[in-house]
Amino acid sequence: MMMRQKTFDSKAIEFIMMLIFSFGIVIALFNLLSIELNMYDFKLYFMIFIFMIIFYKPFQKASFCFLFYFIFRMIRLIKSHHIEVNMQEIGNPDELKSLFEKQGYVAIPAQELGINDVDFLLWKGAKKYIVKVYPDVVDIRCVQRVSAKRNSNSADEAIIIANHSFTSAAKKFASLHRIQLLDQDDLMKMMDGERKKFFFQTALSFILHHK
1 MMMRQKTFDS KAIEFIMMLI FSFGIVIALF NLLSIELNMY DFKLYFMIFI FMIIFYKPFQ
61 KASFCFLFYF IFRMIRLIKS HHIEVNMQEI GNPDELKSLF EKQGYVAIPA QELGINDVDF
121 LLWKGAKKYI VKVYPDVVDI RCVQRVSAKR NSNSADEAII IANHSFTSAA KKFASLHRIQ
181 LLDQDDLMKM MDGERKKFFF QTALSFILHH K
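The UniProt record's numbering puts the last residue of the sequence shown at 211; the count rises by one with no breaks.
Since the hints were derived computationally from the structure, they do not count as laboratory data.
Careful: at least some of the hints might be erroneous.
So the derived label-pair ranges between C-beta atoms look like this [said to hold, decoys possible]:
#1 Met188 x Asp94: 14 to 20 Å
#2 Phe21 x Asp185: 49 to 55 Å
#3 Ile140 x Asp186: 17 to 23 Å
Using 20 Å as the maximum straight-line C-alpha spacing, the simulated PhoX-like pairs for lysine-lysine come out as follows [claimed, not checked]:
#4 Lys127 x Lys149
#5 Lys189 x Lys97
#6 Lys124 x Lys102
#7 Lys128 x Lys97
#8 Lys102 x Lys127
#9 Lys189 x Lys102
#10 Lys149 x Lys172
#11 Lys149 x Lys189
#12 Lys149 x Lys128
#13 Lys128 x Lys102
#14 Lys124 x Lys97
#15 Lys149 x Lys124
#16 Lys171 x Lys149
Note that CB positions come from ideal geometry on N, CA and C, so glycine has one too.
Whole structure, please, built from the sequences with the hints as guidance.
Structure, rendered in structure tokens:
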């Protein structure tokens, strides 16, 4: 019993000493970087946590288990919120324009250019694209009309966005005529990719600049 108490006391003292040591390093680092110290600042406790993981071995296993669990829960939460893409959001011109611009395109609604039967004109590098959104199942006739519109607008490629699916004939025709087909799953991947980039960029910015 006495041995257990001594072991516990020894570990408690070791933990406190490492906590004080980590706190001292963080304070010195804040002073070196001319960062104002605030006891309510998230950065302070986050940096102490990081240094405790680095220097205090018993803390490493528990910390990594916690981080694993936290990341797993975050992934589950993200997936649960994106089970289905709402076509009202996807079909919204502003949402689509924003999504394409985040992918590196210059996007202009076709109506602003006086062009009918096409929803967007895109440019990326030297290539020009037309975009058509269909709310229903896309068959080969829809793809053929878009192909004709691509030629009449002197575009290099075409993109068709569908709320539902594409027929096998439509897919075959599109693959032979430089027409990209995007369904709900494709748009979900694009949107999730942008949300994840935004999440990590925001988190990094918060850690580095929040005061």
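Cross-check of the supplied hints:
{"no.": "1", "hint": "Met188 x Asp94: 14 to 20 Å", "result": "holds (18 Å)"}
{"no.": "2", "hint": "Phe21 x Asp185: 49 to 55 Å", "result": "holds (50 Å)"}
{"no.": "3", "hint": "Ile140 x Asp186: 17 to 23 Å", "result": "holds (19 Å)"}
{"no.": "4", "hint": "Lys127 x Lys149", "result": "holds (16 Å)"}
{"no.": "5", "hint": "Lys189 x Lys97", "result": "holds (16 Å)"}
{"no.": "6", "hint": "Lys124 x Lys102", "result": "holds (12 Å)"}
{"no.": "7", "hint": "Lys128 x Lys97", "result": "holds (15 Å)"}
{"no.": "8", "hint": "Lys102 x Lys127", "result": "holds (17 Å)"}
{"no.": "9", "hint": "Lys189 x Lys102", "result": "holds (13 Å)"}
{"no.": "10", "hint": "Lys149 x Lys172", "result": "holds (18 Å)"}
{"no.": "11", "hint": "Lys149 x Lys189", "result": "violated (27 Å)"}
{"no.": "12", "hint": "Lys149 x Lys128", "result": "holds (13 Å)"}
{"no.": "13", "hint": "Lys128 x Lys102", "result": "holds (17 Å)"}
{"no.": "14", "hint": "Lys124 x Lys97", "result": "holds (14 Å)"}
{"no.": "15", "hint": "Lys149 x Lys124", "result": "holds (19 Å)"}
{"no.": "16", "hint": "Lys171 x Lys149", "result": "holds (18 Å)"}
This entry does not satisfy hint 11, going by the numbered hints stated previously; all others are met.
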